[in-house]
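> Residue numbers (this note's numbering), protein chains in the order written: chain A, 1 to 502; chain B, 1 to 504.
Honestly, the hints are just simulated from the structure, not real lab data. Predicted model, so just to flag it, every value in this text is computed and none were measured. There may be inaccurate statements among the hints.
[What the hints assert, rightly or not] Computed footprint of chain B on chain A; a stretch qualifies when at least three of its residues, placed anywhere within it, have a C-beta under 8 angstroms from a C-beta of chain B: (1) 151 to 162; (2) 180 to 191; (3) 237 to 245; (4) 272 to 284.
Built from N, CA and C at the ideal position, the CB exists for glycine as well.
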Amino acid sequence: MKNILTVLQLLPLFGVLALAFTPRENSKLIKQTAIVASLLTLVESLIAVWKFDTSQSGFQLTESYNWILAFHIKYAVGVDAISLTLIVLTTVLVPIVFLAGWHESEGGKWGTKTFYVLMLILETMMIGVFAATDVFLFYVIFEAMLIPVYFLIGGYGRGERAAAALKFLLYSLFGGLLMLAAVIGIYIISVNQTGGTFDVTELSKLTIDQSTQNWLFLGFFIAFAIKAPLWPFHTWLPGAAKSATAGTSTLLLGILDKVGTYGMIRFCLALFPGATKTFAPWIIALAVISILYGAILAIGQKDINSLIAFTSISHFGFITLGIFALTSQGISGATFYMINHGISTAALFLTAGWIVKRRGSSQIEDLGGLQRVVPVLAWCFFIAGLSALALPGLSSFISEFLVLIGSFAKYPVAAIFATTGIVLAALYVLLVVQRSLHGEVKSGNEGMLDLNLREKIAIAPVIAILVIFGFFPKPILHPLNVATLSVMNQIGVTDPDIKAGK
Amino acid sequence: MLTAPHLNYALLAPILIVLGGALLGVLVEAFVGKAYRSRLQVSIALLAVVAAFVQLIRVRTQTSNTAAVNSVSMDGAGIYIQLIILALSFVGLLLIADTDNFTAQASSIPGSTEEASAIAAGRQQTEVFPLTLFAIAGMLLFPVATDFITLFVALEVLSLPLYLMAGLSRRRRLLSQEAALKYFLLGAFSSAFFLFGAAFLYGYSGSLSLSGIADGIHSSGANSVFLLIGLIFVSVGLLFKVGAVPFHSWTPDVYQGAPTPITGFMATCTKAAAFGAMLRIFYVGFNDAQWSWRIIFSTIAVITMVFGAIAAIVQRDVKRTLAFSSITHAGFIMISVIALSHDGLSAALFYFISYGFATLGAFAIITLVRDSSGEITDLNRWSGLGKRSPLVAGAFSLFLLSFGGIPLTAGFIGKFTVFTSSYNAGNINLVVFGVLTSAVALFFYLKIILTLFFGEVNNDTLTVVIPSILTRIAIAICVAVTIVLGVYPSIILNSAQTFATFIR
């Protein structure tokens, strides 16, 4: 098989095609079709993993075809370890989301079919955005991806969903437009220097003077910081997370927002090494603020979904901290963090989603004593929470630890402040666990049903991944390290020498 | 002894064919009975446009700056703009063919018994078709004319029918007539400005032709105050036609009052023609006088973009919103005029197409949303349209997304080409303003989509009429162009780059 990555992107679209011929009323068949399509995609992504040579850096499984000749734009895809792990994260999470949110599509505005069509289109784009090695292609998918999410939030969400969807879209598009200016800028530079290209590897070889670099860097960075989201660009997130369905939130925070942090590594660092070094201290400061701000606000949240959203702001702070520490532990920790955050956010949103659906309220104060009524569900939520606070033994611990080591080497003060984020994380997780799972069974909770088989099947792999990588992270960390070293090589930074203490 | 001037008929044929069609239409209007008249008129108009298009394709590789003595230059860019105008006119005519939008008898007083009896008897006049053809002929001539006399004649030939057509609306006739009068008065003023400027340019260079003026600038012996005055007044005339701020004030009123198919026709074809002429005048005539106009035009472009986008936010009438949006887009196209390069020219050509078809499509959709008293243009009443007819709302949203420049629509590629050309020409400030304005503009496009899909369904008398077959074809063409050019723009981009040359 030659065009693995293209086929990978097409498979969900074939699902869409199949859905087009499925009768609108037969919602069961629609769901089955969607799940089959997403499982096929998963299998194909595993084939890609199998074909991938983990010992090599640089892009593999590459394909390149001319697309818009007039501007040297190509349909060019390829993966390194960082993008491949994110693609696999996508293909793993989508079927889980489908399975977990079996009834999610039913309360919506347009019925089941549209929901799964949008979801599958979104999957195609999520794969495409990570696979793209042409900056223009990346940009196109980066922007176009927002439209299905917009309709997923606005059409199937809860509460102030239309306003939340609009806010999400406007923020993201605004960032995207700044990025467009920067994309054009770097293209024009490449026209003047090499005749014009959008290929990310070629672009990273350009010589760009420092002040231009700074502007272009900011164009890219602000777009990614909105996406990620980093304080102070985060204000769209809580609303969107609160209004979206559990499945949409999972994909939104678990994968889509990773495009932001992924973009920082792939584009900000690789294309503008000079500007990266200039801005790194400032961005580190923003990251630390994000960590603390997200954690402190999470403690005060009354709504369980906005709580998860704020914890994510804190976690994205960690990821950004790791990236801009510009050390090998920092960056590889950050890339591993992206995966772990995806998985643990999925666990949190899905279990919280089940709780909310059963209880009919997302207010934490309405919950209480769930451990006695729905033990399995409560345990799942508990483990998800532990993963969010990075308990040793779960995979998120490793990544958080790596990020802190990596940043301590260069920015000890920032790392120390960030460490308090861990304490706060313990606080916000344990508080919500205490309030919702323990204590007296609050009235209204007595009749709740525990997880059924379908839901157990959906959550089992998520928890398994958290535990397995917690004890045995090497299969994923090693290739990430290889990719990280090549990124650092590109920027021209090395790890600081750490003097052994006496 | 006088010799007859030499005319290159093959190159002039497209304009002549359309003019011939118009004259034939006048005769048909006078002599053919009402049973066949409407159908015959539509056929003549469409055939004339298609024939002109075919003839243009046949002569597309020829260039001549002596097609009509020294007054008309047929060159790559000119032919391409003519092709665009004809293609847009074709779709526009498909919409105009739905005569239900036009008053039965324009000469009758609104609300009079005469009007009522004309409607009751089904005496539908169809003068709109020959008028449209006359306007198209003027539009074809405008961007290829190379001296100011011909330019002025073309400007008038394209404008006068439009003034009339703006007043032909069947419903809300007073509003329509007010729009027509306003358009006429302001248009007449701007034409006068144009002519006045041409006179000054003659005074400056001793020539009315663009190349003569360019030579005058080149030798730079003459008094450049005359040049400045002439340039500014000519620009006023052109900027009025494209609806740039501060000469835009007619746009919302006329767009709102005119029959919707006419609005679509005006918003696209007139703009393409006027920008075509502007491109030629500035690329050929004033290229060497950049110092004098570049900064003014940059300012106007910025104001136009920003003002259009901000004013559109507060509109509650869908036609007015699109009017302000068209002002913003005029600003975007101006960016490519200012780039003054081959890239800029081809970007403008692409933008005409991407913007033109989306605009026609959007206005076509507006003609479908009605209640018993005619079109509903109040956006509040469009609320929940997505529920009632998802296809119509979906198509409208697609056009809005294209206006907003969301990737995978033609509008995005249009913006990308314009910004790239401008960046390449060193006008980075304009790119930044363009990008920021796009963000503002997106706000109101998205708000409309929000109303369509997430708004409460109004329990009122709104209906979406089943479109006639011609309207359906028109909308289908617009949707197809918007998507295809968004996904695979090379089809047009390559040819636009090949054709984007002006000869002197």
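> It remains to establish, for every hint, whether it holds in the given structure.
Quick rundown of the hints versus the structure:
Judged by the Cβ-Cβ criterion of 8 angstroms, the stretch 151 to 162 of chain A is covered by chain B as claimed, because 5 of its residues qualify and three suffice. Counting residues of the stretch 180 to 191 of chain A whose CB falls under 8 angstroms from any CB of chain B gives 7; the rule of at least 3 is met. Counting residues of the stretch 237 to 245 of chain A whose CB lies closer than 8 angstroms to any CB of chain B gives 0, which falls below the minimum of 3, so the coverage claim is violated. As drawn, the stretch 272 to 284 of chain A meets chain B at 0 residues by the rule of a beta-carbon pair under 8 angstroms; below three, the given contact is violated.
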